[in-house]
Structure formats: C-alpha cells, structure tokens
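Novice: Sequence:
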Amino acid sequence: MSLRVAFDIDGVLADFRTAFQQASQEAGVNTRAADASPSADPLSSRDIKAIWDHVKRTPNWWTRLQAYEPGQLARIYELARRWKWEVVFMTRRPSTAGDPVQFQTQWWIEQHGFYYPAVVTVPGSRGELANALRLDVIVDDQLMNCVDVVGGSTAKALLLLREEKDKSSQDHAVSRGIGVVSSLEEAIDVLEHMHESVGERRGRLQRLADWFGSAKKTQEAALPTTPERNRVNLRSE
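First residue of the sequence shown? That's 2 in my numbering, and the numbers climb one at a time after it.
Honestly, I wouldn't trust all of these hints.
[To be verified] Derived CB-CB ranges, DEER-like:
id: 1; residue 1: GLU79; residue 2: LYS50; range: 40 to 50 angstroms
id: 2; residue 1: TYR117; residue 2: GLY29; range: 32 to 42 angstroms
id: 3; residue 1: GLU197; residue 2: GLY29; range: 51 to 61 angstroms
id: 4; residue 1: ARG163; residue 2: SER198; range: 20 to 30 angstroms
Simulated from the structure, these hints should not be mistaken for laboratory data. Cβ atoms here follow ideal geometry from the backbone N, Cα and C, with glycine treated the same way.
Start from the sequences, fold in the hints, and give me the full structure.
Specialist: Spelled out as structure tokens, the structure:
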C-alpha cells in the first residue's frame, strides 16, 4: 500500500525565517528585532505589519525563498515515483503581488526537483484536512499543527524541530505519539522505513508501531522520472 504524505512548506522545505529577516531590512524594520534568536528584541505589531505589507507588495515574493536542504525535494519525488506515494504540499501563505500563491509555490517546488506538485493553500485545521485527504503522515514544523493532526485524524505526524534546544516541544510531541526529527532528510528516512510497515494497517494504533522497519525495494516507475516540459517564466508584475 502506498503512503499518502503531506509536507508543510515554510520551516520544513523553505527557509522562511531568513527571507522574513531580509524583508524586514527592505521594509526598514529593526533587523535585530526581526532576528528570531532568544536574545533578540521582540517585534512590535507595527513592525510585523510593516514587514507583511512589504511582502504583500513584492511580486512573487514566495519564489525568493531558499530551500533548507537542497536536493531533498528531488529525493521525495524519486521515492514517490518509485513507490507510488501520493504527496501533497500544504501552506497557509498569504497572497502577494504577482501570481497566485498556489502557482508561486508550485513553481518553487518544481525548481527544486519535484514535478507536477499538488499544493493545497487553505487555512484552517490541519487535522480536518488530513482526515479529508486520508493522509497517512504529515511533516510539519509547528507542534500545534501536529497535535491537531493526531487529534483530528488517523494520520501520524512528524514534528521537524531544527532548534535542538527546544526540549519542551520535543517532550510534548513524544508524549502524544508524535515523531520528532531534526531535518527534512531525517524525516524522509523515517518515511522510507514507514513505507513497509504501513501495509494494509492504518489508524491510531499504527501511529506508534513499526516506525523503523526495513525499506522495501520496488521497480522504477514506467514514466520518465524527470519529464521534459516547457518552463513557465513568472510575471514580474
């Protein structure tokens, strides 16, 4: 049985933090305040609004973000093709000038090696969405989203914590049956091992079982893994 997997984008695939700090400089906001380090001064509501106003005025701002781990999206694509995974990318990004958020996000994902991505750009409960899409697992960097998933659906959740010192979030996640990883690469490793263990069993009892079994080797997909296609240039206005 193939996996149904969803990935959050900002914080998991894309480095939103660095891009937001750059936007703060462009918007004339105190760069120290925009830094997310523990010693940084907190952003005021006025500062946050000024940064987001700048982001919203910038054509196709979401295409400017850097990937946290270049190459891992291509790896997800290769595994999805090999094992027939159904992959969805989820985001709550607000609109900006230029193309729609969905198209900007699809374009960005394709530039990093995942072709024809399915991008869902809806707000609301991740648990309800996971239940509606009959997902097996979701990878997210927000603990609240992961709690929502395991509480509102039969899907598993992987919490990606890039901050090693966030022990309280890690303990909270583990106590709720949420897996914790420190990188996208590690999350994909877990998905590879889960591929064999899921089998025909889906549901809450499977959430804590067989996470690290051996991966099954299958034949390559019949269609090309890197389809030839015309690239679409983003509009600058």
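Novice: None of the hints should be skipped; say for each whether it holds.
Specialist: Results for each hint:
Here the CB-CB span from GLU79 to LYS50 is close to 42 angstroms, well matched to the stated 40 to 50 angstroms. For the pair TYR117 and GLY29, the beta carbons lie near 40 angstroms from each other, so the given range of 32 to 42 angstroms is met. Distance hint for GLU197 and GLY29: a CB-CB separation of about 53 angstroms, consistent with the stated range 51 to 61 angstroms. Look at ARG163 against SER198: about 26 angstroms separates their beta carbons, and that is inside 20 to 30 angstroms.
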